[in-house]
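Going down the list, the sequences are from chains A and B.
Quick note on UniProt numbering: the first sequence kicks off at 1 and runs consecutively.
Quick note on UniProt numbering: the second sequence kicks off at 1 and runs consecutively.
These are computed hints drawn from the structure, not numbers from a lab.
Do not take every clue at face value.
Selected chain B positions facing chain A (Cβ under 10 Å, derived; list incomplete) [claimed, not checked]:
hint, residue
1, Ala-233
2, Asn-238
3, Tyr-243
4, Asp-244
5, Glu-264
6, Lys-268
7, Cys-298
8, Leu-331
9, Gly-335
10, Gly-381
11, Ala-390
12, Ala-394
13, Gly-397
14, Glu-399
Covered stretches of chain A, as calculated for chain B (at least 3 residues, CB under 8 Å) [to be verified]:
hint, stretch
15, 20-26
16, 30-37
In this text, a Cβ means the ideal position worked out from N, Cα and C, and glycines have one as well.
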Amino acid sequence: MAEEIRAEMVANVWKVVAREGDSVTDGSEIVILESMKMEIPVVSEDGGVITKLVVNEGDVVQEGDLIAVVE
Amino acid sequence: MTVLAGQPEVTGELDPRDPLARLGQLLDVGSIEDLKPRDSSTIHVVRGRIDGSPVIAYCSDATRVGGALGWGDAMHIVDAINRAVHDRVPVIGVWHSGGAKLTEGVLSMDGVGQMFAAMTRASGKVPQISVVLGPAAGAAAYGPALTDLVIMSETGRMFVTGPDVVRTVTGEEIDMPGLGGVEAHGKRSGVVHVTTATEQEAFTRTRRIVGMFARPGVFDLKDAADTGTDLSALLPDNPRRAYDVRVLLRELLDTDINGVVFEELQAKWAANVVIGLGRLAGRTVGVIANNPMRKGGCLDSLSAEKAARFVRLCDSFGIPLAVVVDVPGYLPGVGQEWGGVIRRGAKLLYAFAEAVVPRVTLVTRKSYGGAYIAMNSRSLGATTVLAWPAAEVAVMGAEAAVGILHRKKLAAVPESEREALRAELIAEHTRIAGGVERGMEIGVIDEVIEPAQTRHRLAEALATAPAGRGHHGNIPL
Numbered sequence: 001m002a003e004e005i006r007a008e009m010v011a012n013v014w015k016v017v018a019r020e021g022d023s024v025t026d027g028s029e030i031v032i033l034e035s036m037k038m039e040i041p042v043v044s045e046d047g048g049v050i051t052k053l054v055v056n057e058g059d060v061v062q063e064g065d066l067i068a069v070v071e
Numbered sequence: 001m002t003v004l005a006g007q008p009e010v011t012g013e014l015d016p017r018d019p020l021a022r023l024g025q026l027l028d029v030g031s032i033e034d035l036k037p038r039d040s041s042t043i044h045v046v047r048g049r050i051d052g053s054p055v056i057a058y059c060s061d062a063t064r065v066g067g068a069l070g071w072g073d074a075m076h077i078v079d080a081i082n083r084a085v086h087d088r089v090p091v092i093g094v095w096h097s098g099g100a101k102l103t104e105g106v107l108s109m110d111g112v113g114q115m116f117a118a119m120t121r122a123s124g125k126v127p128q129i130s131v132v133l134g135p136a137a138g139a140a141a142y143g144p145a146l147t148d149l150v151i152m153s154e155t156g157r158m159f160v161t162g163p164d165v166v167r168t169v170t171g172e173e174i175d176m177p178g179l180g181g182v183e184a185h186g187k188r189s190g191v192v193h194v195t196t197a198t199e200q201e202a203f204t205r206t207r208r209i210v211g212m213f214a215r216p217g218v219f220d221l222k223d224a225a226d227t228g229t230d231l232s233a234l235l236p237d238n239p240r241r242a243y244d245v246r247v248l249l250r251e252l253l254d255t256d257i258n259g260v261v262f263e264e265l266q267a268k269w270a271a272n273v274v275i276g277l278g279r280l281a282g283r284t285v286g287v288i289a290n291n292p293m294r295k296g297g298c299l300d301s302l303s304a305e306k307a308a309r310f311v312r313l314c315d316s317f318g319i320p321l322a323v324v325v326d327v328p329g330y331l332p333g334v335g336q337e338w339g340g341v342i343r344r345g346a347k348l349l350y351a352f353a354e355a356v357v358p359r360v361t362l363v364t365r366k367s368y369g370g371a372y373i374a375m376n377s378r379s380l381g382a383t384t385v386l387a388w389p390a391a392e393v394a395v396m397g398a399e400a401a402v403g404i405l406h407r408k409k410l411a412a413v414p415e416s417e418r419e420a421l422r423a424e425l426i427a428e429h430t431r432i433a434g435g436v437e438r439g440m441e442i443g444v445i446d447e448v449i450e451p452a453q454t455r456h457r458l459a460e461a462l463a464t465a466p467a468g469r470g471h472h473g474n475i476p477l
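Just chain A, same shape as in the assembly (with noise of 0.2 Å):
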């Protein structure tokens, strides 16, 4: 089943660490974002490929916008 990785809090993002195609497991850094001045990565919950990466560097992204899929 695809997993739906989006933001949890408005963020920068700050890095993005995977790319489109990789193989992740559970726990795995896609992209870290910045936010209270902080830098969170996002993780994947379940593990997988990354079958779409929709943010960039520099992006400004909401809360509930999509990051990524994984399936």
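Please arrange chain B on chain A, whose structure you already have, making use of the hints.
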């Protein structure tokens, strides 16, 4: 299947939905005694033991009219709860019921209403735990919701109105698991505290959780002799970097043959705060910790409500609290403000300020602003506030504070000198406003401890405080 010593025997011949089959898995082998003779009721009530501790249990009989509750069935539950209060033992409800019996009409609703009233009267007096193994609709959903903790297996479904009514009224197409299964209530609604893959696992987890209440143990400080492990080494080197606080909790709490003794509750809902029952130096404690990995560890409406209800649960049963703080503040945003973060965040202030159990706070990295106060600060009556040496306690981070307080001063200097001035102002601000030294000066931090001594110092602070138990119920906040 193999039956482990001390584990309940699984009865093979019965319908697996028969109350005796289910209670047989929940309670110790040979401990079950009918509290009432088995009749045609859809509720069966027994007395039994869990790892030797006496409990009362009631269970839906899903083999009869889908376990629907009539007036008489609801009265069986009322009797079970009253008996548990009288005997001062935990009461466990095993649910598989379509709700109130339609054939009885208003009579069944009166019975169910009396059941809700009995649950509310017993709240805070004895632990009430619900195990949902099948559909629990309408009345059967609100029953568990009024109890302290809800454990749901993959086969459980809770909803007020089922998919058919939802479709008719709103046009939304959804099946029963989607509407009220483990994903819905474990992650989205927060109704369920523990989700499990199987019925058997639901019983195992229930037995462990009941043990936390029924056999709280005593602090044995020899048990908390520190291993000398520097717990701060578990945190990232970069103080701005988020991490999963559960890694730290695993080192802080006791371990047994099953690993770390920690029953995390509502793990996937409002995950920016972690709550759960664990053991520290042999004693059951309630753990509340900000989790920087989620929403940076900010408090918000949901996490404040989650933590507040847990504080009140622990307080009502005399379970000491260990509060692990690393919080950048309350989550800003229109959504939060309009969603009532003031009203809902106030619940956490109220819960801590009201609590009389020993409650010790440990600030690991930072504690800022309103969230600093809310996370069991000295001002709310914390028993003891400990901090690691590098911890920062302030209204906001020094960098942000300087940006506001000295905006004009910074703007007035040439750009080439600005960063040097900023650094100087930050150092000055930290000296007068934040940092652990200032916190100790004014008495909001009691002691700075070495991270390697954390287990021992936390246990000691909780063990030496006078025991207390709040006199209040545990309203589903």
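Here is how each hint holds up against the structure:
1. Ala-233: violated, 19 Å
2. Asn-238: The hint holds - Asn-238(B) has a Cβ within 10 Å of chain A, the shortest such distance being about 7 Å.
3. Tyr-243: Check passed: Cβ of Tyr-243(B) comes within 9 Å of chain A, closer than 10 Å.
4. Asp-244: Holds - the Cβ of Asp-244(B) comes within 10 Å of chain A, reaching about 8 Å at its closest.
5. Glu-264: violated, 15 Å
6. Lys-268: Hint holds; Lys-268(B) Cβ to chain A Cβ min 9 Å, cut 10 Å.
7. Cys-298: Hint on Cys-298(B): holds, closest Cβ of chain A at ~6 Å, below 10 Å.
8. Leu-331: holds, 6 Å
9. Gly-335: holds, 7 Å
10. Gly-381: violated, 27 Å
11. Ala-390: With a closest approach of 16 Å, the Ala-390(B) hint is violated.
12. Ala-394: Violated: closest Cβ of chain A sits about 12 Å from Ala-394(B), beyond 10 Å.
13. Gly-397: holds, 6 Å
14. Glu-399: Constraint on Glu-399(B) satisfied, holds at 7 Å.
15. 20-26: It is violated, with 0 qualifying residues against the three required.
16. 30-37: Since 3 is at least three, the answer is holds.
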